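Peer 1: Here is how the chains run, residue by residue.
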Amino acid sequence: MNKPELVVDGKRLDGRRFDEIRDLKITAAPLKNADGSAYIEWGNNRILAAVYGPKEATPRHLSDPSKAIIKCRYSMAPFSGLSEHGRSGPNRRAIEISKVIKEVFENVVVLSDFPGSEIDIFIEVLQGDGGTRAAGLTAASVAVASAGIHMRDLVYAVSAGRIDEHIAVDFTMIEDNYSDCDMPIAVAPRNNEILLLQMDGEMTKEQMSEAISMALEAGKKVNVAQRNALKEAYARAGEEKN
Amino acid sequence: MRDMIIPGDMVSDKPLRIANGFIQNGKTYSKVLGVYDAAERTIIPLEGSWMPRLEDSVVGIITEARPKVYIVDLSYFGRALLIPGKYDRYEFQPGDIISALIKNIEGKNTIILEDPKPLEGGTILSIKPKKIPRVIGKKSTMVRQIAEYSGTHIVVGMNGLIWLKDGNIALATEALLKVEREAHLSGLTDTIKNFLEKNKSE
Amino acid sequence: MEAIDIVKTSYIKELIAKGIREDGRKANEFRKIEIVSGLIKNAEGSAQVDLGATRVLAGVKLNLDEPMEDTPNQGNLVVSAELLPLASASYETGPPSPDSIELARVVDRGIRHAKCVNLESLFVEEAKAWTVYVDLYVLNYNGNLFDAGSIAAMSALLSTEVPKYEDGKVVREERVSKLKIDNIITSSTFAKVGGKSLLDPTANETNAAYSRVTIATDEKYVRAMQKGMSGGFSAKEIEELIEVAFNNHKEQKDIIKKSQK
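Those sequence lines, one after another, are chains A, B and C. The numbers in numbering that gives the first Met the number 0 rise by one with no breaks, and the one at position 104 of the first sequence is 103. The numbers in numbering that gives the first Met the number 0 rise by one with no breaks, and the one at position 190 of the second sequence is 189. The numbers in numbering that gives the first Met the number 0 rise by one with no breaks, and the one at position 76 of the third sequence is 75.
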C-alpha cells in the first residue's frame, strides 16, 4: 500500500500545524420542525443534527418512570463520501457510533427532569471528511441546548492521534486513513471530564497523555464555536423583525 | 440584550436552589440556554418544554373518553387526565377542545385536570411553551391587543396550545408567531402593535 | 394523526369551504421556491430545495458499473428517497416506508420518461457504464415532497459533473464534463380538499385531503402521473389539472435553470 506523505516540510497536507483544528462554523436552529437543531461545517464536513423531545416515550412500556430515555441515530448519506455511492441504511460502524454518542448525552442531559419521556437525537452526515462523529456530537450538543433540554454542560468532541512521530488533532479523512492512531474524544468542558473515548492504533503512555492534552486545548475553540452559534441564533431572530 | 447563559455556565459562586439551576461544589450552574437575572436570582430559559405547575391554565384536546376518565392531549410528554367528580355534569367526545386547570401532578409526570370548559370550533396554534408568558404579556396586554386588532377570540394555554376562533385568524396567528420569534427582544409590545396596525386592513 | 392535526384538519376544511387557504395562497399558487445548487462537493451533483418550509436535499453520485443486459450500450439511473426522522415528528426511524418508496419511484418516472438524463452518454467502454444515483434526503416536512423532490433531483442532475475515467480506473477527484441533460421535467402536485384541488399542498392541507395527484410534464408532454390517497378524481378534474401543470411548466423550469450559475 502506498502510504502518502502526510507531513511535508513540517506541516500537514492542508498547511495546518499539528495542534490546529480546521475551520469550523455552527448554525443553531436551521430546521423548523425539530425541537432543536444545528448545522456544522467543520473542515469539509457538513453535518446536520436535530433533536425531538422530551416527548412521549414509544412504546410506552419501555419508558422509564424515573427519567428520560435517549435514542440516538448517526447516519451517513450515500452521497457523503469522496468515493462511490454508498449503501443506504445504518451499517455496523454507524450503529456503534450512535451508541457511544447516546452514552455521552445520557451523562450530560438531566434525565430525571423529564421522567417517562423520550429524547431523540439525529445526526445526519451530508458530507464527511474525517472526524464526523466528533463534528456530529458537537452539533448535536448545540441542537440539544437549542431545544431547551436541561444539560449539565455543553459537551463537544474533537479527535487526536499520531502521524509518525507527531501528535496531532483533528484528522481529515486521508490523515485518518493513514495515521498511526486516531482517537475521538468527547469532553464536558466545565471539569474537562472525558465522556467518549475510542482509540485504535499504536501509542505509548506518554503519547496518549500528549494527545489528550492537545485535544483538551484544541477543544476550547470548538466550545467557543458552539457558544457563538447559540448566541447568534438569538441575534438572528432579532434581524427578522418585520 | 442581557448576557446569554449556556448549559454549564456558572450563575453564582454560592449554592442557590433555583429553577433551571443545579448546585455542584457549592456553586450554582445553569441547566438551560437562557438569561440570568442577577437581581431576581432567576434563570429564565429561552427554550424548552412546558414544566406543568399547579393551577396552570391549559388548552387540550380530548383523545379518549373512558367510563371514569378522559385522556387529554396537552402536547406534553406525560399523561393528562380529566376525572369527573360525583357532581360534575360535563360530557366530552374525543376531538373536543377544552380549557382546564391543573389540579394535581401525580407520580412526577401525570397531570390531573379540573374545571374543564368546552371550546367549540376554531383551531389550535402550537407555540413554544417558554414563550407563552410573553404571548400573554404583563396583565395580559400582549394577547389582548392581538385579540382586539384581529377580532379573534383567543384562549392561551400555559402548555403552549392556543385556541383561536373567528375574526382574522391569519393575522392573529402571524402576530402570535412573531411574538414567539422575538420574545427575547425589548420593545416587543410596540413592535407587535405596529405590525397589527400595518397588517390589519389587508 | 395527532389530536392537534385533526383539529387543524377541520379548520382547513372550514377555510376551503370559504375559498381560503391557510397561508392565503390561491388554489393554483406555488409557495416560494429556493434552490441552492452544488452545496455538497463530495457528491458529483447536489441541490437543496426549499418549497415553503419543506426542505429536500438531493445528492448525485456516479458509480461505474456493468450495463444492464438488455441495454448494453447505456448507463442507468437510480432514484432513492429517505424521509429522515429529523424532518417531522411524525416520521420514524426504520426501513424505507411505502411513502418514501413511492416518492422515489414517482420522481424517477418523471425524469426517466422525459429522458432528462442522456443514458447513452453514460456508456464508457465495453461492459462499463455509469450508474447515476440520485438520493433525495427530506430534511424538513411541510407537505408536497413530490414537487420539492422533483425540483431537487432535476437541479442536482443539472449540477452534476462526470468523474474522469483513465486507464481502466475512475479518478474521482477529477471531474471532466457535465452530465449530459437533454430535457427538464417539472412537477405539479394537487391535493383535493372539500372538492377543491389545491396546488402544492402544505402538511395540514395534505392531512385534510382525501385525494392527491402528481403530474410531471415537460414543455409538450405529460411524462408521469401518480394518483395517491383513497379518494377519486373525475376525468374532467384530471384534464383541468393537466392543463394547470402545463401552465406551471415554464416558470418552474426557469427557476430550476436559474439555480445553475
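Quick caveat, the hints were computed from the structure, so don't treat them as lab data. Predicted model only: the values in this text are computed from it and were never measured. No residue lacks a Cβ here, since even glycine has one placed at the ideal position from N, Cα and C. Treat the hints with care, as some may be off.
[What the hints assert, rightly or not] Each computed SDA-like pair below joins lysine to any residue, with the alpha-carbon atoms no more than 20 Å apart:
{"#": "1", "chain 1": "A", "residue 1": "Lys70", "chain 2": "C", "residue 2": "Pro95"}
{"#": "2", "chain 1": "A", "residue 1": "Lys31", "chain 2": "C", "residue 2": "Lys12"}
{"#": "3", "chain 1": "A", "residue 1": "Lys230", "chain 2": "B", "residue 2": "Lys199"}
{"#": "4", "chain 1": "A", "residue 1": "Lys54", "chain 2": "B", "residue 2": "Asp165"}
{"#": "5", "chain 1": "A", "residue 1": "Lys2", "chain 2": "A", "residue 2": "Lys54"}
{"#": "6", "chain 1": "A", "residue 1": "Lys54", "chain 2": "B", "residue 2": "Lys199"}
{"#": "7", "chain 1": "B", "residue 1": "Lys26", "chain 2": "A", "residue 2": "Ser82"}
{"#": "8", "chain 1": "C", "residue 1": "Lys177", "chain 2": "C", "residue 2": "Asn62"}
{"#": "9", "chain 1": "A", "residue 1": "Lys54", "chain 2": "C", "residue 2": "Leu14"}
{"#": "10", "chain 1": "A", "residue 1": "Lys101", "chain 2": "C", "residue 2": "Thr92"}
{"#": "11", "chain 1": "A", "residue 1": "Lys70", "chain 2": "A", "residue 2": "Lys2"}
{"#": "12", "chain 1": "C", "residue 1": "Lys12", "chain 2": "B", "residue 2": "Asp165"}
{"#": "13", "chain 1": "B", "residue 1": "Lys199", "chain 2": "C", "residue 2": "Leu14"}
{"#": "14", "chain 1": "A", "residue 1": "Lys220", "chain 2": "A", "residue 2": "Asp199"}
{"#": "15", "chain 1": "A", "residue 1": "Lys2", "chain 2": "C", "residue 2": "Asn62"}
[To be verified] Which bits of chain A does chain B cover? Going by a derived footprint, with three or more residues having C-beta under 8 Å, they are:
{"#": "16", "stretch": "4–10"}
{"#": "17", "stretch": "72–81"}
{"#": "18", "stretch": "86–95"}
{"#": "19", "stretch": "108–114"}
{"#": "20", "stretch": "141–147"}
Peer 1: Of the numbered hints stated previously, which ones are contradicted by the structure, given in increasing order?
Peer 2: Violated: hints 2, 3, 4, 5, 6, 7, 9, 11, 14, 15, 16, 17 and 18.
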